[in-house]
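Peer 1: Below are the chains, spelled out letter by letter.
2 protein chains.
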Amino acid sequence: MPELEFHFDFLSPYGYFASLSVEEIAARHNRVVSWCPMLLGVTVMKVMGLKPLPETPLKGPYVLRDVARTARQLKLQIGRDLKKPPSNSLVPARALCWAKVHSPEAVPGLARAFYSAIWARGVDIDKPEDLATVPLPREIAAPELIAAAKGQEAASLLRGSVEESIKKGVFGSPTFIVDGETFWGFDHLGQVDEWLATGGW
Amino acid sequence: MPELEFHFDFLSPYGYFASLSVEEIAARHNRVVSWCPMLLGVTVMKVMGLKPLPETPLKGPYVLRDVARTARQLKLQIGRDLKKPPSNSLVPARALCWAKVHSPEAVPGLARAFYSAIWARGVDIDKPEDLATVPLPREIAAPELIAAAKGQEAASLLRGSVEESIKKGVFGSPTFIVDGETFWGFDHLGQVDEWLATGGW
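Respectively, the protein sequence lines represent chains A and B.
Mind the numbering: the first sequence is residues 228 to 428 in the working numbering, read in order.
Mind the numbering: the second sequence is residues 228 to 428 in the working numbering, read in order.
Simulated from the structure, these hints should not be mistaken for lab results.
The reader is advised that the hints may include incorrect statements.
When chains are identical, the list treats them as one kind, so a pair holds in a single copy or across two.
Straight-line C-alpha distance at most 27 Å; calculated DSS-like pairs for lysine-lysine [as the list claims (entries may be wrong)]: (1) K394 with K311; (2) K302 with K377; (3) K354 with K278; (4) K354 with K377; (5) K354 with K302; (6) K395 with K327; (7) K395 with K310; (8) K311 with K327.
Bound conformation, chain A alone:
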């Protein structure tokens, strides 16, 4: 099946929103979702040379309000103070990259479990041991995942994934790519759906 590439950072609440419907949209068009973790810290700060969004005047405060408003519209509870985003997403991103190789069928469930922990329940997943607090898909055991998140393989897989995203021009979370066409932003997920339904324009 052709892919719907879903590039996202676990730090990104808009990525969380998209994670809840991307599988359904892909399935409707006989696409398989490729879950591609990226790191906003690398793209935004290092590649684009911008400051982090929360520190950007005018836009930072707007985004806080927009995230809360979007969550209300989607009838989602956000389980954390939006002003205290998770400090980094290296651990879940590495764990997911490892799972893509070693337990691919568990990837969508694992990604949603991480997102739900971070944004719906407000749990921080900063250290490999924190992975034990997440309800994992049955294909994956916590000790195995914790060991993987500490290892070189997962770190190297994530570096490759981030480089690949940047090479494809991905700069924000979420970004969707179908047949080489790139759509940035949760607000564009409807447009992706329309693109797939119509074959593009």
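We have chain A; now place chain B onto it with these hints.
Peer 2: Leaving out everything else, chain B in the frame of chain A:
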């Protein structure tokens, strides 16, 4: 009638897209559009401390593609090379601010005429004399508008309008404000419509 504030820069193709439907959406909800020119150069560079969008790695090239794709979706012809955006929007922005005071009934037609000249026909409106090339609403004569665009009053009105936008947290074009609720981006115009239809959430 309560307002739907529409903040935009004539430099912004997304502002152009919004300008084509904002009056219809406002009318559907018994709102009157307040056309508020702002200057991205001031908000983005001076207030936010960011580089101009076209010079931003990854995002700059993406936006060019997204604008072209959005235009195709809306069945709009863009009459200029997107890589050569208008150099600045001071003249049409000043002229519009002047019209808001001296010929308010002409404002929607004038704003759309400027947008259409710049984006549909690819005409530059950099100098006050360029205003003579724009088909103006019948309430306004070209010589009068040219003189106004050269004058202190229009410059001062625009400065006030830009300051007011920034005070309200506006940072991008287009931005919509209804009853103190701010929505950024052409992609959010549908959400504004829904907000007005439902009374918000």
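Peer 1: Next step is simple, just say for each hint if it's right about the structure.
Peer 2: Against the structure, the hints:
Taking the shortest alpha-carbon separations for K394 and K311, only the inter-copy value of 25 Å comes in at or below 27 Å, while the best intra-copy value is 30 Å. Proximity of K302 and K377 under a CA criterion of 27 Å is satisfied in neither setting, with 36 Å inside one chain copy and 51 Å between copies. Within a single copy, K354 and K278 get their C-alpha atoms as close as 25 Å, which meets the 27 Å cut-off; across copies the closest is 35 Å, which misses it. In the homo-oligomer, the alpha carbons of K354 and K377 lie at most 27 Å apart inside one protomer (9 Å), although the nearest pairing across protomers, at 62 Å, exceeds that limit.
Taking the closest pair of Cα atoms, K354 and K302 never come within 27 Å of each other, the shortest separation being 30 Å inside a single copy and 50 Å across copies. Taking identical chains as interchangeable, the C-alpha atoms of K395 and K327 lie at most 27 Å apart only when both belong to the same chain, with a minimum of 19 Å there against 45 Å between chains. Proximity of K395 and K310 under a CA criterion of 27 Å is satisfied inter-copy only: 20 Å between copies versus 31 Å inside one chain copy. Proximity of K311 to K327 under the C-alpha cut-off of 27 Å is found in neither arrangement, the shortest distances being 29 Å within a copy and 42 Å between copies.
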